[in-house]
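Protein chains in written order, with this note's numbering: chain A, 1 to 315; chain B, 1 to 300.
Be a bit skeptical, because a hint or two may be false.
Some chain A residues well away from chain B (every beta-carbon gap over 10 angstroms; in silico) [unchecked claim]: (1) Val15; (2) Phe138; (3) Lys159; (4) Ser172.
Rough simulated footprint, nothing fancy, chain A against chain B, three-plus residues with beta-carbon under 8 angstroms [as the list claims (entries may be wrong)]: (5) 36-42; (6) 133-141; (7) 226-240; (8) 256-269.
Since the hints were made in silico from the structure, they are not lab data. Yeah, the Cβ is synthetic: ideal placement off N, Cα and C, and Gly gets one too.
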Amino acid sequence: MTSYLLKRVLGAIVVMWAVATLVFFMLRAVPGDPLQAMLFDIGDPHAADVLRHKYGLDRPVYVQYALWMWNVAHGDLGASIYGSRVPVTQIIAEAFPRTMALALFAFVIAMAIAVPAGIVSAVRKNTPLDHGFTFLAFLGLSMPDFWLGIVLIIVFAVKLHWLPAIGFAPLSQGFGPWVEHLILPATAIGTAFSAILARMIRSSMLEVMKADFITVARSKGLVETRVVLKHAFRNALIPVITVVGIAFALLMAGAVVVENVFAIKGLGRVLIQGILNRDYPVVQGAILVVSAIFVFMNLVVDVLYTFIDPRIRLR
Amino acid sequence: MTDPLPLLEPGVPVAQARRKRARWLKLLLADRRASISLVVLVVLVGAAVFAPYVSPAQPDAMAFDMLTPPSWAHPFGTDDLGRDLLSRVIFGARISIFVGIVTVVSSMLIGVLMGLLAGYYGGWLDTVIMRYIDLQWAFPNFIIAVYLVAVFGAGLSNVIIAVSLAFLDDFARIARGMVLTVRERDYVEAARALGASDLRLMLRHILPNSLAPLIVQATVSVSYAILAEAGLSFLGLGVKASTPTWGLILSDGRSFISRAWWLGIFPGVAIMVTVLAINFFGDFLRDVFDVREAAVEEGA
C-alpha cells in the first residue's frame with residue numbers, strides 16, 4: 001500500500017514538473033518578446049534593456065529555467081506585469097476559493113439531477129420516461145455551457161428578476177447572497193456533467209439489478225423501493241466514483257468559460273484575462289495552479305479507489 | 001506491389017459490399033433519430049456551403065433597424081449594428097463546421113500516426129509517445145486548447161492548431177490499442193511472413209481493421225471540436241472581428257442580452273442543434289459498428 005501511494009505521489013510530482021517545464025519553454029519558444037507587451041506605452045529602447053536585466057531575461061535560458069523552477073518550488077510565481085504589480089500568488093489565492101465554490105456547487109447540482117434521473121431510467125428501463133431522460137441527457141451534452149449560462153441569465157435575471165445576473169458574493173456576506181450568485185453559473189456548468197452522471201448511474205444500476213443479492217432481497221419480501229435504494233443504488237455508486245475525477249476535470253473546464261459569462265473573478269477568468277492581456281507571469285501561474293488541481297484530483301481518485309477495490313494495489 | 005500474394009488482400013467481394021450497404025440503409029431508416037439527424041446535418045452543411053445564396057442578407061451588411069426583435073423581415077432579429085442575425089448565423093456555420101471537421105481530420109491523422117508507431121514498434125518510441133499522451137490525457141481537451149492558444153496567440157489558424165493538438169490523444173490511444181490487439185492476428189502474421197514491409201503492414205492490414213472505433217471517435221470529436229471552437233471564440237481567443245462564428249456572435253451579443261434576448265438565443269440554438277445531430281448520428285454509428293461506449297465518459 002505505502003509503496004503504491006509513494007509511486008503515485010512521485011508520478012504526480014513528475015507530471016507537475018513536466019507541465020512547469022513545458023509552460024516555461026513553450027511560452028519562450030513563441031515569436032515575440034513578452035516585454036513588448038509591457039513597453040507598449042513607454043516606447044523607450046533603453047527601458048527594454050533595463051527591464052530585461054531586471055527580470056533576468058538577459059541571462060542564458062538554462063539559468064532562467066533553473067531560477068524559475070527554484071522560485072516555483074518556493075511558491076513564488078512572479079508578479080503581474082500590469083498596474084501595481086500584484087504578486088501572482090495573491091491573485092490566485094483570491095481567485096481559487098471562488099472557482100472551488102463554483103465547482104462544488106456545480107457538483108451538488110449535477111448529483112441532484114443525475115441521481116433521481118439515473119435511478120428512474122434504470123428502474124423504468126425502455127419506457128417513455130427512460131427515453132425522455134435519454135433525450136435530455138443528449139441535450140445536456142450538446143449545449144455549450146457558456147450559452148446555457150446566457151440563457152439562464154436571460155430567463156432568471158433579465159425576464160423574471162429572480163436571481164442576480166453576474167458577480168460573486170463571498171460567504172462572509174452571508175449564505176443567502178452566496179447561494180443566489182452561484183445558482184445560475186453552477187447550473188450552467190453542472191448540466192453537462194449531470195447528463196454523463198445520469199447515464200453512468202443508469203447503466204451501473206442495470207448491472208447491479210441483475211445480481212443475485214437483489215433477487216435474494218426481493219425474495220425476502222422487501223419493498224421494491226427499499227431494494228432499489230438500499231441494496232441496488234449503494235452498490236451501483238461504486239463504479240460511479242471513478243468518474244468523480246473526470247467530473248472534476250469537466251467542472252473545472254466549465255468554470256474556465258462560465259466564470260467569464262458571469263464575471264466571476266475565479267481561476268478561469270484570471271487565466272483568460274491573462275492570455276488576452278499577454279500577462280505572461282499570470283498565465284504561467286494560472287496554468288500551473290489549474291494543472292496542479294487536476295493532477296491532485298487524479299491522485300485523490302486513484303487513492304480513493306484503492307480503498308474501494310483492493311486489487312488495484314497489487315498491480 | 002511488394003506483396004507477392006494478392007490473394008491475401010483483406011478486401012471485400014463486390015456482392016458482399018452491396019449487401020453491406022443495403023443493411024446500412026435499412027438500419028438508418030429504422031432509426032428515426034439517426035435519420036432525422038442526418039437530414040439536419042445535410043441541411044446545415046448545405047446552408048454553410050451555399051451561404052451566399054441561401055442567406056437573406058450579407059452577414060456584415062448594416063442597416064438602421066438596430067436591435068429589432070425577430071420579424072418576417074429578420075426571422076432571428078438584428079444585432080446592435082443592424083445586421084441580420086439569421087444571415088450571420090448561416091455564415092457562422094461555415095467557420096464553425098469547417099473548424100470542426102478540419103481539426104478532427106488533422107487531429108486524427110497525427111494521433112493515429114502516433115498510435116500506430118507506438119503500438120507497432122513498441123520499445124522506447126512507445127514509451128516516449130505514450131508518456132506524452134498520458135500527460136495530455138490528465139487534462140480536459142478544452143483546457144489543453146486554452147493552454148495552447150495561450151502559447152500560440154488567438155486567431156483562426158492558431159485555434160485550428162490548438163484544437164487539433166488538444167484532441168489527438170483520444171485517437172492515439174485508440175489506434176495504439178487496436179494495433180496491439182490486431183498485431184498478433186494470423187493474417188498479419190501471414191502478411192509479415194510473406195515479406196510485407198512495416199509501412200504496408202500498418203496501412204494495409206492493421207489500420208483498416210481498426211477503423212470502426214476511429215470513425216466513431218471522430219464523429220464524437222467533431223461535436224466536441226465545434227463546442228471547443230465556440231468556447232474559444234466566445235472567450236475572445238478565437239477568430240477575430242468581422243468573420244462571424246457562432247461563438248463570436250454570442251460573445252458580441254452578450255452585452256445586449258438585457259434588451260435583445262434573440263442575440264443570446266439563436267446562435268446557441270445553432271450550436272446545440274448541430275452538436276445534438278452529430279451526437280445522435282455518432283450514437284447510431286456506435287451501434288452499427290458495435291463499438292463499446294467509451295468516448296462519452298471522456299467529455300470535452
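**Report entry** Hints violated by the structure (listed by number, smallest first)
**Finding:** Of the numbered hints, 1, 2, 3 and 5 do not hold.
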